[in-house]
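Going down the list, the protein sequences come from chains U and H. For the first sequence, this note's numbering gives the first residue as 223, with consecutive numbering after it. For the second sequence, this note's numbering gives the first residue as 201, with consecutive numbering after it.
Derived from the structure by calculation, the hints contain no laboratory data. Relax, there's no trap hidden among the hints.
Across the chosen pairs, the derived CB separations fall in these ranges: (1) U/Gly513 - H/Lys275: 47 to 57 Å; (2) H/Lys275 - U/Leu742: 32 to 42 Å; (3) U/Ala727 - H/Ala254: 38 to 48 Å; (4) U/Leu725 - H/Ala254: 35 to 45 Å; (5) H/Gly234 - U/Ser678: 51 to 61 Å.
Far from chain U by the CB rule (all over 10 Å, computed), these chain H residues: (6) Arg210; (7) Val236; (8) Arg245; (9) Arg251; (10) Pro266; (11) Met268; (12) Asp280; (13) Glu281; (14) Ser300; (15) Arg323.
Fair warning: this is a prediction, and the values are worked out from it, not measured in the lab. Don't be surprised by glycine CBs; every beta carbon is placed ideally from N, CA and C.
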Amino acid sequence: MSAPASDELLEAVLDATRGVIIVVDRAGKVLRLNRAAAEALGRDAKDGACPVWDLLAVPEQKAALREALARSADGVPSELTVHLAGRHRRVELTVKPVRRGRGEPVTVITGIDVAARLEAESCLGFTERSAAEAALRESEGRLRRLVEANVVGVVVWDLDGRILEANQAFLDLVGYDRDDLLSGRVSSWDLTAPEYRERDRQALAELEATGRCHPFEKAYIARDGTSVPVIVAAAAIGDHASADRSVALVIDMRGQAHLRSELEESLAHARIARRETEEANVRLLLVADAGRVLARSLRADDTLKALPRLFVPALGDWCLVVRREGDAAVGRHADPDKEGEIARLSGLRWRHESVARAFRTGDVAICAQITDDELSEDASPGSLLTDADPEAARIVRALGMRSLLCVPIKVRGRVDAVAMIVSSTNPERYGVHDVLISEEIAGRAAVSLEHGRLLSEALDAVRARDEFLSIAAHELRTPLTALLLRIQLVRSALESHPEAKSLLAGVANADKQARRLALLVDSLLDVSRAVAGKLSITPESVDLVEIVRDVLATMGPELSAAGCELSFDAPPSAIGTWDRTRIEQLVTNLVSNAVKFGKGRPVEVRIEATEGHARLSVRDHGIGISEEDQARVFDRFERAVSARHFGGLGLGLYISTLIARAHGGTIRVQSEPERGSCFIVELPRQL
Amino acid sequence: MVAATGKCERQPILVVDDDEAVRDALQVALEMNGYVSVGASDGARALSWLRDNAAPGLILLDLMMPVMDGWALMKALAADERFSSIPVVVLTAFGRDLGSAAERTVLRKPVQLAELLRVVRQRYQAEARAPS
Numbered sequence: 223m224s225a226p227a228s229d230e231l232l233e234a235v236l237d238a239t240r241g242v243i244i245v246v247d248r249a250g251k252v253l254r255l256n257r258a259a260a261e262a263l264g265r266d267a268k269d270g271a272c273p274v275w276d277l278l279a280v281p282e283q284k285a286a287l288r289e290a291l292a293r294s295a296d297g298v299p300s301e302l303t304v305h306l307a308g309r310h311r312r313v314e315l316t317v318k319p320v321r322r323g324r325g326e327p328v329t330v331i332t333g334i335d336v337a338a339r340l341e342a343e344s345c346l347g348f349t350e351r352s353a354a355e356a357a358l359r360e361s362e363g364r365l366r367r368l369v370e371a372n373v374v375g376v377v378v379w380d381l382d383g384r385i386l387e388a389n390q391a392f393l394d395l396v397g398y399d400r401d402d403l404l405s406g407r408v409s410s411w412d413l414t415a416p417e418y419r420e421r422d423r424q425a426l427a428e429l430e431a432t433g434r435c436h437p438f439e440k441a442y443i444a445r446d447g448t449s450v451p452v453i454v455a456a457a458a459i460g461d462h463a464s465a466d467r468s469v470a471l472v473i474d475m476r477g478q479a480h481l482r483s484e485l486e487e488s489l490a491h492a493r494i495a496r497r498e499t500e501e502a503n504v505r506l507l508l509v510a511d512a513g514r515v516l517a518r519s520l521r522a523d524d525t526l527k528a529l530p531r532l533f534v535p536a537l538g539d540w541c542l543v544v545r546r547e548g549d550a551a552v553g554r555h556a557d558p559d560k561e562g563e564i565a566r567l568s569g570l571r572w573r574h575e576s577v578a579r580a581f582r583t584g585d586v587a588i589c590a591q592i593t594d595d596e597l598s599e600d601a602s603p604g605s606l607l608t609d610a611d612p613e614a615a616r617i618v619r620a621l622g623m624r625s626l627l628c629v630p631i632k633v634r635g636r637v638d639a640v641a642m643i644v645s646s647t648n649p650e651r652y653g654v655h656d657v658l659i660s661e662e663i664a665g666r667a668a669v670s671l672e673h674g675r676l677l678s679e680a681l682d683a684v685r686a687r688d689e690f691l692s693i694a695a696h697e698l699r700t701p702l703t704a705l706l707l708r709i710q711l712v713r714s715a716l717e718s719h720p721e722a723k724s725l726l727a728g729v730a731n732a733d734k735q736a737r738r739l740a741l742l743v744d745s746l747l748d749v750s751r752a753v754a755g756k757l758s759i760t761p762e763s764v765d766l767v768e769i770v771r772d773v774l775a776t777m778g779p780e781l782s783a784a785g786c787e788l789s790f791d792a793p794p795s796a797i798g799t800w801d802r803t804r805i806e807q808l809v810t811n812l813v814s815n816a817v818k819f820g821k822g823r824p825v826e827v828r829i830e831a832t833e834g835h836a837r838l839s840v841r842d843h844g845i846g847i848s849e850e851d852q853a854r855v856f857d858r859f860e861r862a863v864s865a866r867h868f869g870g871l872g873l874g875l876y877i878s879t880l881i882a883r884a885h886g887g888t889i890r891v892q893s894e895p896e897r898g899s900c901f902i903v904e905l906p907r908q909l
Numbered sequence: 201m202v203a204a205t206g207k208c209e210r211q212p213i214l215v216v217d218d219d220e221a222v223r224d225a226l227q228v229a230l231e232m233n234g235y236v237s238v239g240a241s242d243g244a245r246a247l248s249w250l251r252d253n254a255a256p257g258l259i260l261l262d263l264m265m266p267v268m269d270g271w272a273l274m275k276a277l278a279a280d281e282r283f284s285s286i287p288v289v290v291l292t293a294f295g296r297d298l299g300s301a302a303e304r305t306v307l308r309k310p311v312q313l314a315e316l317l318r319v320v321r322q323r324y325q326a327e328a329r330a331p332s
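Turn these sequences into a full structure, and let the hints guide you.
Okay, here's the thing in structure tokens:
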């Protein structure tokens, strides 16, 4: 092949090559450019004679090229990447020395356009990438519109958590300037409230794994230190596998959080209200129960015994009622198997400091957070058991005592007993409600105790009075017996001596007064016996007609003295099973009343007998009894008229009623004021 | 103290009462109405007299007495066949339940002279029916 032909061929090949080829001499002057180089540099291929580094666009790259040329002069090739001037193509250059036969050695610089190479290399994947990039551009466009709309907070950050972009809505939310965030002075970590950082890490892990994270709740710390509740959702930007940025959408939940907290507060209130209602119901039932139970206890001991049943298990696991005297009267354990320990504890010497306090102050005492050390049996300063023996302390520890409610039972200002209510396990069992409820029950117990005490005192008083009356009556009757017998003996002796007539009248009067005295004493004793429910009768077969006739005969002088004309209307006999003495007493009472209130007018006594009954009526025409007084006259110590004008104890009709009743009979009155009264006694003939 | 008064040919009435004034008045009342009486101040003295003497026609018996009361004396009488048929009239100021004494004829203190004499007449020698 000839040289020119060879030169022409070479020229043709050089120009046909798509790569850049530049031939330079040892001084770096360009000797030859092929077509691709001329096109890349935007110059004519024939232009030359300029140093090759003037063909570079970036001044910093010129030195590198000079060094490469220097190495080439020494026969060492180099590779480097530069930007060519003109169309600014980035090319990878290979700088190599080429020796010619006789001529000066030259350096051939060949270069491949980087873009062209990449294009060639990824020829296969080109379409997909292009589509992906187009999609990304579209999604970035949408993101941009979202960012600019400021409807929600948008923040973009890189893998290091550095914020790359934040819209105004986000800035408003956190209160920082854009500069604070983009400069890196404040990172997205700094913005997150510490308690949500772990949640943030989980979200980032999800983001890395799947390219997105589901919306979650967190809170930012705003610049002014306030906590800003938000909902955040995030996505990686572009293809998540190689993504280096993420975007988060942030929704301000401050308004909603307020609503939610209000809702939660309302719910909490509702729950509290419901629990309080339930507790109130329990308390109401407890108090109602207390009222019922305590109302049944009329003796102090019964009341104290009822208390533990009210307190356990409603208010505690076990309970002891400690009396002022120091002993535990009664107790109860919620577990019936432990009643034995309670009973043993009752017999032992011990007292908790809180019990002593309740006695001292009269107020409910609570003791919480009790430890076993405080229940030690020795009298160490820490022990709360006062005066305890080791056995008592051991039982208390075994039963358990973590908190205490000591409720004083106050009667007329004095603490009579303290109910010690114990929680075995809960160190904070007792609160205000328990104090109120136990005070209520204690109040009711106190009322019950007070009633019991009053009743007991009243019964004692009644017994004492009856005892006194009984003894007094006995003691009065003894001398009266002697007196009456003596007077009546003298009287009967004088009756046979007409010359002693004036003396006889005096003795008769003494006799009358002595009998009156005897009747009054009888009345007193009758009443005392009647109150005790012991008006006894000794029934025998007697004739009512005979009894009444005897009484009227005995009372003859009295009737004449009052000027009352007496009429007696009766069948021949009226036999029945009655107590002779009592019936005499009854008739005497009724006829005495007729004389006393009869204004000296006629008195009519009548007996009627039927097969089953006998009826006695005593009618006067005296002052009478008003309708409202008619029921009252049969009561004890009652009288329809003033005691000043009419003497007596007011017991006559009361005792007559008792006598009639003791015989299974009745007594009643028919009367009109100023027209007189008629007392009617009906007696069954057989008891 | 046991003291007998009056004519001894009749069976006496034994008056048992710790109160001297009452016992005295009772004995006077009985004597003035033709009876012979013996007084005893308690159940033990009465029992002692009964053991040493012939049976009385009646015992007029108080209940509330020291040493041996009326109930105890009645029990002792019932337990001894020599005395169990002697009529007894209880005369008492005791206001409460009389117990076993309620089975006897009972007079309440203060007793009227007429009532006393009526009952004594009725009960005297009632069981014994000795000729007067």
